[in-house]
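Knowing the structure of chain A, use the given hints to seat chain B on it.
In order, the protein sequence lines correspond to chains A and B.
Reminder that position 56 of the first sequence reads as 56 in my numbering, one-by-one numbering, no gaps.
Reminder that position 119 of the second sequence reads as 1119 in my numbering, one-by-one numbering, no gaps.
Hints listed in this document are in silico derivations from the structure and should not be mistaken for laboratory results.
All values reported here derive from a predicted model rather than from experimental measurement.
Idealized CB from N, CA, C, for every residue including glycine.
Sample of chain B residues lacking proximity to chain A, with all beta carbon distances greater than 10 Å (derived):
id, residue
1, G1064
2, K1113
3, Y1117
4, G1135
5, N1137
Stretch-level coverage of chain B by chain A, calculated; a stretch enters the list once three of its residues show a Cβ under 8 Å from a Cβ in chain A:
id, stretch
6, 1044 to 1054
7, 1077 to 1084
8, 1094 to 1102
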Amino acid sequence: MFSLTEEQIAFIENDIKVRGITSPDLSVDLLDHICCIIENSSDGYRNFDSVYQETLLLFGKKGLKEIQDETNRLLTFKHYYIMNKTMKISGYVSSVMILFGAIFKFQHWPGASMLLIVGTFFLTVLFLPLLFILKFKSTAESNRSVLLSIIGFVSALLICVGVLFRIMHWPGARITAITGAVLLVLGYLPVYVLSVYKNTTDKINATATVILIIAGVGLLVPELSTGISRPVSDSFWRGVTESESSLAIITKTNQAIYEREANFASGSDSSTIANLKLVHAKTNELTDYIEAIKIYLIAGSEQVTEEQAKKMKIDELRTSGGEQVVMNLLDNQNPKLSVNKLKESIESYKGLIMRLAPKVDLTMLETGTLTVYGEPTTWEVANFEQLPVPLVIFNLNRIELAIKSSENTALNQLR
Amino acid sequence: MIISVLLRNVKINLLIHNNLMYLCLMYSSELIKGTLKTVVLKLLSDTKQMYGYEITQKVKELTGSKIVITEGALYPLLHQLEAEGVVTTESVSIGKRVRKYYTLTSSGQERAKEKIYEFADFINTMNILLDLKPGVNYV
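Excised from the complex, chain A in its bound form (with noise of 0.2 Å):
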């Protein structure tokens, strides 16, 4: 056994630098190990050059380089077992809550936006960024790879919060879906054939993933922009059209008995009178100013002045938007017409009715908690919040039909 040179010692620690070993720690492990082996071997005095080279090719084919990386691998995944444990469990966990969560909201079943929510929770904040970390950590730390994996780790995310949105009558569930499938479809797709297709041996998988991703997002898109079939969307507007009708009516049939007993003014005594001239008139001041409201939503809308708006049929409307002018109402951006004014309007009217005439049934005039689906839902909800203007209309109209049936009855009641 001999010892190398200083100079030689200097011409493998330059080398080592020189083939990619940035790491001080592991370039002092490499340094003392090389010089063992050449200092072991039998002719590395006589021809250091070859032997050096030929100690080398111990290394395998990526050389030094590739013992860096592993390290680097094996220390920033040192916890590669809890993360991957934590994948499936959490994995299970999401899976389950969905699919019960789709069950009980199939059933409408109270607790199933609950399953939903955090099913998805675990899915998006756990599952996915563990699944495309762990995925890119097994395959090369090629900068496609990196790539691909976060673009497919957004895209997942976009399109699994999207549905959800969409599940929950969110806003912004169509934006955020369909960003994610082209995301998808025009980023992930044409890195992932470029990449992986092109390398693996496993074709008809990666053939499989190709045709599987076009298809899912095929599925997936027309759902998220038709939203509700045809027979469901016509019979709603059959609906609408036919609630306008029965207030017609209803309207004409009040203001007839009411002229009639007035009329009969002489035969009655004048607190009755004066009775049955107060609920008219305040049924009619309540159902002008959810007139108005209805007058405001189209205007607001469609873009028009309120003079076009009145002249609006229902079913001219556009089916969906105009979630702002709601919100506004919501929210008492206008200074005369607000929903909290409309509550307080129906809270008075059926202090009114119930003062006059306490036999009449005000059920459907609640303004409290409503039950929708099995699910406790609040008046403004159930009636305003995220729906599009033809929809609050159309609950409007109920409004209307249940203010002048209160009225139909108790004017039979006081007369």
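Coordinates of chain B only, in the frame set by chain A:
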């Protein structure tokens, strides 16, 4: 030595290609990967302190070159063990260069014992499972 008994049980065959000492294992790489940490911990628990080259030579010697630990596997593992607090290092100047000695910490000693027991138990289980008779040469 327990270690050589353990390793002989596993019977790892190495083929040497093209004089490059490129190691080709007949067993799945997962099997070998799982044993490396145990082997290194055992060696360090027997000897107070060792440096990397010494570890590779010791394994070669004990197994009659049946197992050769590659540098590509050894150093990442040693650095990981250091980060986990299983080993500590001491740098000693050897002329122009520095040699790093690896020593087990007290938690490392525990870890070595656990790993060895776990592996010995695994071997026993595999003996039963594969119905291996002692003293019979299966190769």
